[in-house]
Amino acid sequence: MAEEATVKIYRGDNDSGELVEYKIPLAPGMVVLDAVHTVQAMHAPDLAVRWNCKAGKCGSCGGEVNGKPKLMCMDRMDKYPAGEPITIRPMKSFPVLKDLVCDVSWNYEVNKKIPAFKMKDTGGEEPKFSQEEADRVQEFRKCIECFLCQNVCHVLREHNKQEEFAGPRFFVRAAGLEMHPLDDENRLGLLKDELGLGYCNITKCCTEVCPESIKITDNAIIPLKERVVDEFYDPVKKLLRVVFPKS
Amino acid sequence: MDKYQTFEYDVIIVGAGGAGLRAAIEASASGAKTALVCKSLLGKAHTVMAEGGVAAALRNVDSRDDWKVHFRDTMKGGKFLNQWRMAQLHAQEAPDRVRELEQWGAVFDRTKDGRMLQRNFGGHTYPRLAHVGDRTGLEMIRTLQDKGVHQGLDVHMECTIRWLLKDGERVAGCLGYQRESGRFVVFRAKAIVLATGGIGRCWEITSNSWEYTADGHAMAMWAGADLIDMEFVQFHPTGMVWPPSVRGTLITEGVRGEGGVLLNSEGQRFMFDNVPEMFQGDYAETQEEATEWVQQVIAGKQATVRRPPELLTRDVVARAIRKEVRAGRGSPHGGVFLDIASRRTAEEIKKKLPSMYHQFKELADVDITTDPMEVGPTCHYMMGGIRVHPETQESTVSGLFAAGESAGGMHGSNRLGGNSLSDLLVFGKRAGEYAARYAAETSSLGEINADEVQRVTAESLRPFDESDGENPYTLHEQLRTVMQNLVGIVRTDEDLRSALGKLEELREQTAKVKVGGNIQFNPGWHLALDLKNMLDISEAVTRAALERTESRGGHTREDYPGSDDEWGKVNNIVRQTDSGIEVFREPLPEMPDELKQLLKSE
Ligand SMILES: Cc1cc2nc3c(=O)[nH]c(=O)nc-3n(C[C@H](O)[C@H](O)[C@H](O)COP(=O)(O)OP(=O)(O)OC[C@H]3O[C@@H](n4cnc5c(N)ncnc54)[C@H](O)[C@@H]3O)c2cc1C
Ligand code: SF4
Ligand code: SF4
Ligand code: FES
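Chains A and B supply the protein sequences, listed in that same order. Taken in order, the first sequence gives residues 15 to 261; the numbers are from our numbering. Taken in order, the second sequence gives residues 14 to 615; the numbers are from our numbering.
Possibly wrong hints are sitting among the right ones.
Computed spacing ranges between beta-carbons, pair by pair [unchecked claim]:
id, chain 1, residue 1, chain 2, residue 2, range
1, A, K229, B, D606, 55 to 65 Å
2, A, Y122, B, G581, 47 to 57 Å
3, A, D248, B, D79, 45 to 55 Å
Once the Cα atoms are required to be at most 25 Å apart in a straight line, the calculated DSS-like pairs of lysine-lysine come out as [stated by the list, open to error]:
id, chain 1, residue 1, chain 2, residue 2
4, A, K142, B, K374
5, B, K16, A, K229
6, A, K132, B, K46
7, A, K37, B, K363
8, A, K229, B, K46
9, B, K363, A, K93
10, A, K127, B, K525
11, B, K374, A, K93
12, B, K527, A, K142
Hints are computed from structural coordinates only; laboratory data are not their basis. C-beta: ideal position from N, C-alpha, C; glycine also.
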């Protein structure tokens, strides 16, 4: 007999649901997503879960395993104590559609608010910039939109500021644009007034869960906060704004 | 039953990978009212997984490159079965399409003088792949996604299209269901672009995700469109083989592009003994020459010696690996070794191949900076697909277009790495442009046949009423085993015929497939429906493979091991007729003399 594992999976929707226990055979190297698929094939064909790449590249399979936010496809079963049940739930900060699938559409709406990249005028010349400049924004562009950071940020999770606060994922996105060597747009006013950058009190919970190891707080949020301060609270700039309101 | 929802557009794009997004951007920029429909969330299509890079003769790293060399490499890689006009347009337009991405904000890796860096890949004469570490697809899809979204496209996510609706001879719309609610929806449109990707879920060992169930291929065939080159399925030489959880997961060819070597259990670099006649003289003949090439390339110099044989085309490398394993010289889990640790420093490996490093460390407990990887072939890419006009991408059904992996012809019998991402851009744009033009020239929407909608929805719901049929997961596993064992890398008449018989049995069982639960986000139900697409397209592949009694590119016949010049002059066309799925031969279009000349020159 192959070794066996016990998983408890949330079955239900946003209004009601429960943890259902399933027993499945273990295979070497198995990840939590494999366990979910095995449950689908053996016990519950209608169990809802999202996935695509099964290699940590697409960000579809976020969930909470034993209470911790994880990509289920990168979470090895053998990291959990043998013989003890593993609990798998959907991300908590989003409405549950069914079982492990949440409604993440809010994120796509927030994204629309952030003005797209605007190319600098290079006078028809081929754009050039160094690898060092690229490195800086490439860190942010690694984001796979798993929304785990959105899931753990207390401003969303506990205070439900979805209306006023864009969340760490979109500060990462904004940083990737603001620090882009060829971008010619200014999003600082928007970050301050509409995306709620000020609500972030730098708890770093987002950075801790990011599967792409993006230093969300240190490299994206804090520099953006500094830029906002320079732009809006710098006395010289403030004076200039009074004199030349449109500059 | 509830009434279905109806939407009306000028152009509907089915699929939101690179091809679909690029098509949608173009169609909407041309003024067509455009919507994008996809099965997953936006940004999660296969394109996001592409690793190694996008091929375009930008000439940033090696000025000897140009579209002509790219064209020749592509034709040679496809063993001259490619639609030459597509290969030509692709090679000519890819550089502009890639530069355009940069204009839209994409951040590719840089050369020392600040331009887009290009890397070596199998079958490409010069370093040609613009890339971002080993996550090029992510950069590409995010760039296109943001461009599209801010252009005001409508996106219908997690909606699966099942059926194309026609009005007489032209396409009039399509029918699908919302995955979340299970509700049916009809899109009326003047033109439809299929950009649904590939068919890899028909095989057991595959790098492809749940989405690759051959939907576009099947829907086009059912609507009367021709498919082309269906016998040509690409098995990528380097998939993971251990542990079972990740069997088939891709290891980018970039590992070999960065100097990685293939070894058998005796420590021998077996690719030196596997250079086919067609490529004799093009590849390094000694270890020293191969090593020197890698050193020149790392140093950013133009290579003056020949490249390592590990960079031969994928069909060649996949067959060589299979041969080593069969001869008993494989690795412990039935693959061979891919070693980069002894070739590059740990720092370089982590910088150039970060996600490979991560993937092996997390999923296989292997540190690729110190130990070799175990690799083996994995079903990866479908060369065959919907037959399209090389310039407009229109299929043989009026108003129906196709682009990306779901379209056929561009790659002939074998695709070069990196040529897919560029294909998506070049032909995605063309499909969007010509679909919008078609819509503009069409005065009104086609009529939808309500009975047809009723029939297809009723059929789709039937699995809920079955009482003692099979579980869809079991049937899917059986299908994958049949295709893996009988229609894999190496084929025989006997195996292919046996596969046809087994597919027929599975078809009977699928007619009675049973699902439980309700219609809301029910993966079992979704899979039950996808089985039909996969069975029909598996049959199309098998019949085309049976017909082609020679070996060429991705199609190897043990009973006909050599290439046959007569077969080199024809493509197989698959069509659904009253008597079933049939194969027809079609002569290759005549190539202009100047291009023929190009293929001869070295
Ligand atoms: C791991 C991996 C690495 C790769 N690396 C490279 C590389 O480095 N370079 C390269 O050139 N190529 C690479 N490829 C190949 C390349 O990524 C794919 O061929 C390409 O991305 C396909 O793009 P596409 O736009 O045709 O389809 P996809 O990106 O697969 O998109 C298909 C879309 O169609 C939708 N769809 C499918 N069926 C339906 C339906 N019935 N209804 C509604 N929507 C539907 C899906 O939801 C999805 O949005 C790689 C492939 C893999 C798997
Ligand atoms: S650092 Fe800011 S954004 Fe990140 S979790 Fe804390 S409050 Fe939220
Ligand atoms: S920043 Fe990290 S945690 Fe947040 S969505 Fe992106 S990848 Fe996920
Ligand atoms: S399935 Fe893609 S990140 Fe897990």
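Looking back at the hints listed earlier, which ones does the structure fail to meet? 4, 5, 7, 8, 10 and 12
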